[in-house]
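Trainee: Protein chains in written order, with the working numbering: chain A, 7 to 264; chain B, 90 to 283; chain C, 90 to 283.
Just so you know, the hints here were simulated from the structure itself, not pulled from any lab data. A portion of the hints provided could be inaccurate.
Pairs of lysine to any residue, SDA-like flavour, derived with a Cα cap of 20 Å [to be verified]:
hint, chain 1, residue 1, chain 2, residue 2
1, C, 150, B, 167
2, C, 192, B, 249
3, A, 192, B, 249
4, A, 107, C, 117
5, A, 107, C, 264
6, A, 107, C, 177
7, C, 164, A, 21
8, A, 115, C, 243
9, A, 115, C, 150
10, A, 102, A, 73
11, B, 164, C, 117
12, C, 222, A, 21
13, A, 107, C, 243
14, A, 108, C, 205
15, B, 218, B, 180
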Amino acid sequence: MSIRVKLEAFEGPLDLLLHLIDKNKINIYDIPIVEITDQYLDYLFAMQEMNLDIASEFLLMAANLLHIKSRMLLPKRKEEAEQEEGEDPRQELTRKLAEYKKYKELSFKLRELDEEWSKVYYKTTGIFITEANNDSDNYTISVSFNDLRIIYLELLKKRQDKLNVRAGEINVVVQRDRVSIKNKMKQIQQILSTKGRFIFSRLFVKGKKSMTEIVTAFLAILILVKTGKAAVEQKRQFSDILVVRLGKNKDGSCRHGE
Amino acid sequence: MVVADMESKNGYDNLNTIFLQDMDVKDDDEIVASVIESLLFISGEPLSLGKITSILEIDKKRVKKVIEHMKEVYKDRRRGIMIREINECYLLCTKPENHDYTKELCQSGQKHVLSQAAYETLAIIAYNKPITKAEIDEIRGVNSDSAIAKLLERNLIRKAGHVNSPGKPILYETTEEFLKCFGFSSHDALPPLE
Amino acid sequence: MVVADMESKNGYDNLNTIFLQDMDVKDDDEIVASVIESLLFISGEPLSLGKITSILEIDKKRVKKVIEHMKEVYKDRRRGIMIREINECYLLCTKPENHDYTKELCQSGQKHVLSQAAYETLAIIAYNKPITKAEIDEIRGVNSDSAIAKLLERNLIRKAGHVNSPGKPILYETTEEFLKCFGFSSHDALPPLE
C-alpha cells in the first residue's frame, strides 16, 4: 500500500530518480548507473503490476537510463576514450537532475511562504467615507455635523412653531389635532414669509389630514387672501392650489412670491 | 515537514523575525493591542466590544482599558488613523486633519456629499427622531421624499416603526452609520442645539 | 474647509484637539508619515510610490525614506498592522502572528493549497521568466499543462507574449499577485538560486 502511494506521489521520472538517489545516499555527480537503473525499472514494474497509468515520460527515462548504462558498460576504443575524456555519459542526466533538484527545493520554499503569507489579511471594505451621490438633485456640499446643526438651527428659526423640540414626544406631536383659524393663519404666514409660496396640499401632515384641519387651513387662506396678505393660483380645476405671498417683507421691500 | 528544514534566506520582508515572537494574549496587554488593531483593520464594520472580547477570550474590562490606551497612542501626530467608538463598537478611520490628502484618493465615487435637501432632512431627523416624513416636510416646507429615499439608501437613517394614528405614518431615525459619518460616539453626543 | 471652523464641543472624540495641529507636510516628516498611513488605510489596492508622491507633493526620496522608517516603527509588537511593499507599491496588512485571532473574522473557507507540481512550475517560471511551457516540461521532466492552467487560474502567472519561432510558443511570467501571495517585495527579492 505504501509503495503505491509513493509511486503516485512522484511528480515525474526526475523526481523518482531523486528519490532513489536520496534513498541510496548517492552523490548526484557520481551516480552508480547500473544500480539506479535496476531500481528505477523495479519501480516501473511495480507500477505496472498495480495497473498504474505509467506516464510516457517514465518510459522515456527508462530508455535513457538503459542507453547510458550500455554506454558505460561497453569497452571504449582507445582513441575514442581519449576523445571523450571528461565527457561522462551520465553528464546530461546529472545536469538535469541537479537543475530539477534546485527547483524542487525552491518549490518547498514557496509552499512554506505561501502558508505563512496566507496568515496575512488585507483590508477590502469599510472606508470611513460615504459614497458619492451621482444624482443631479441640487448642488452638493461637504459638511461636518456642526454644519448640520447650523442648517437645522436655520430651519428652526424659520419654522419655529413647527418643531417638536425633544425626541420621544413624537406621538403627542403627531396626534395633536387642535387647530384654530388664528394658528393656521400664523402658520401659513410664516411659511409664506420664508418660502414665498407653497402648495396647499403640502400644508398637511399626511397621517393627520383631518377634515377639520383642511377646512381650517382653507378658511385661514381665504382670510389671508381677503386681507391682501396672500393670493391663490390654481392652474386647473382640482389641481393643487398654489398659495403665494403678497405684501411687504420684513425689510420693507415688496415682492410677489420669490 | 520539509518546510521546517529550510534555512533562512534574504529577500522576503523579514517575515521570519516576526514569527519568532511568542504570542500570548493572556498576560500581555501589548499583544492585546496588536490583535485589536489587526481586527479593527480587517473589519469593515464597526466591531463590537463583545465580538472583540469573544475573539480574544479575555474580559471586557481589559479590552476596554487597552482600547482607551490605544486611543491615546493614536493621537501621536505620526499616526494617520485613529479609533472611533460608536455605541460600544469600534472602528478605525483616517484622521480628519489629513483630509486634504485623503480626499484626493477618494475622489470620484467616495466623496462625502449629499444634496442640501438631504442635509436638511438629516439634521431634522437627528434632532427630532423618531419623526414622520410629514413632519419633516412641514419643517422644511417642501416635500422630502427624494431626500429621505437617498438617506435610506445611504443607510444614514432607517425606519423606526409607525405612529399609532390614521395612515400609520412611518417614523424615521438616524443610524449608526450616521454616527460614524459625523464622528459621534453615540446619539447622546450630538452637539446641543443652543 | 468647513471642518476647520468647528468650535469646541464635547462628544466628538476630541476631534478638536487634533485640529489644533498645524498641518504642513513640507517640513515635517511626522506629518508625512501620518498622511501616508491615512492613504494606505483607505486604499484597498497597493498604492504606488508615484501616487503617494503626487498627493503629498514632496519628492520620492523623502516618501521612500519615511516609509522605510514607518516599516521599522510598525515592528513594534503593539502594532497589529504592517506595511508591505510590492514593486514600489505599498499596502497595509495584518501581522501574521495575529493569525489565530484574525482568522476568526475572516471566514477563509477552503484553503487554496497548490499541488507540488504547481509549486515546482511556479518556481521555474519565477526564476526563468519569461519561459515557454516546453522549457518548463524539460526542466521538470514531465508535462506541466495542468499546473500551468491552475497557476493561470489563480493569477499567479500570466502570458507574456510569444517566442518568435515556429509554432509561436507562449511565454509565461509571474504576476504581482505572486509577489503578494508569497511575500516578495519585487522579483529581485526572490531568494538567490544558489
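Trainee: Against the 20 Å threshold, does the CA-CA distance of residue 107 of chain A and residue 117 of chain C hold or violate the hint?
Mentor: Outside the cut-off at roughly 52 Å; violated.
Trainee: Sort out whether residue 177 of chain C lies within 20 Å of residue 107 of chain A, counting only the CA atoms.
Mentor: Violated, at about 32 Å.
Trainee: Does residue 150 of chain C pair with residue 167 of chain B here, judged by a C-alpha cut-off of 20 Å?
Mentor: Holds, because 18 Å separates the two Cα atoms, which is no more than 20 Å.
Trainee: Is residue 102 of chain A close enough to residue 73 of chain A, meaning Cα to Cα at most 20 Å?
Mentor: OK: residue 102 of chain A and residue 73 of chain A at ~16 Å, within 20 Å.
Trainee: Decide if the proposed pair is consistent with the structure: residue 107 of chain A and residue 243 of chain C, CA atoms, cutoff 20 Å inclusive.
Mentor: 25 Å, violated
Trainee: Quick one, are residue 222 of chain C and residue 21 of chain A close enough, alpha carbons at most 20 Å?
Mentor: 18 Å, holds
Trainee: Below or equal to 20 Å on CA atoms is what counts here, so check residue 192 of chain A against residue 249 of chain B.
Mentor: Since the Cα atoms of residue 192 of chain A and residue 249 of chain B sit roughly 31 Å apart, the hinted pair is violated (cutoff 20 Å).
Trainee: Keeping to a limit of 20 Å between CA atoms, is the pair of residue 115 of chain A and residue 150 of chain C held or broken?
Mentor: 33 Å, violated
Trainee: Compare the distance between the alpha carbons of residue 164 of chain C and residue 21 of chain A with 20 Å, and conclude whether the hinted pair is satisfied.
Mentor: 41 Å, violated
Trainee: Can the restraint linking residue 115 of chain A and residue 243 of chain C be considered satisfied, given a maximum Cα separation of 20 Å?
Mentor: 19 Å, holds
Trainee: Is the hinted pair residue 107 of chain A and residue 264 of chain C satisfied, with a Cα-Cα distance of at most 20 Å?
Mentor: 24 Å, violated
Trainee: Are residue 192 of chain C and residue 249 of chain B close enough, with their CA atoms no more than 20 Å apart?
Mentor: 35 Å, violated
In the structure shown, a violation is registered for the earlier hints numbered 2, 3, 4, 5, 6, 7, 9, 13, 15, in ascending order.
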